[in-house]
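Build the full structure now, drawing on both the sequences and the hints.
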Amino acid sequence: YLLGATLGTAYSYGLGKYVETIGGSVDDEGAIEGAGVGQARFAFLILLFVFVGKFRANGLQEIPSIFGFFTYQLASLSQGLKEIDD
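Take 29 as the starting number for the sequence shown in the working numbering and just add one per residue.
One thing to keep in mind: the hints can contain errors.
Claimed, not checked - Simulated restraints on C-beta separations: (1) 71 to 48: 26 to 32 Å; (2) 78 to 106: 27 to 33 Å; (3) 89 to 110: 29 to 35 Å; (4) 79 to 103: 18 to 24 Å; (5) 110 to 75: 17 to 23 Å; (6) 78 to 41: 18 to 24 Å; (7) 85 to 106: 35 to 41 Å; (8) 85 to 29: 14 to 20 Å.
The set of hints was computed from the structure by calculation and includes no laboratory data.
In this text, a Cβ means the ideal position worked out from N, Cα and C, and glycines have one as well.
Structure (structure tokens):
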């Protein structure tokens, strides 16, 4: 679970960097800073599957690792369901 949660946090960070660059122009270097991390965000999910496949014989299980990875979705869901006061 911990491996999945760690890589899920890294994926969330990369996703945040990608979202920050949307709408930025090439002329504005500050707006597109960190875009490389955002483009490589799927590497964290692939890395999770590689680790699970490699260390399955050592007791690393697939389902808890995948659930750990998608734990970041709970925070996104709670933000979406939170009532917005204007």
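Hints and how they fare:
1. Range check, residue 71 to residue 48: Cβ separation about 18 Å, and the 26 to 32 Å hint is violated.
2. In this structure, residue 78 and residue 106 meet the distance hint of 27 to 33 Å, their C-beta atoms being roughly 30 Å apart.
3. As the Cβ distance of residue 89 to residue 110 is approximately 33 Å, the hint placing it in 29 to 35 Å holds.
4. With their beta carbons about 23 Å apart, residue 79 and residue 103 fall inside the hinted range of 18 to 24 Å.
5. Remark: the range hint 17 to 23 Å for residue 110 to residue 75 is contradicted by a beta-carbon distance near 31 Å.
6. Between residue 78 and residue 41 the beta carbons are some 19 Å apart, a value that agrees with the proposed interval 18 to 24 Å.
7. The supplied range of 35 to 41 Å is met by residue 85 and residue 106, whose beta-carbon atoms lie about 37 Å from each other.
8. The hinted window of 14 to 20 Å between residue 85 and residue 29 holds, with their beta carbons roughly 18 Å apart.
Of the numbered hints listed earlier, those contradicted by the structure are 1, 5.
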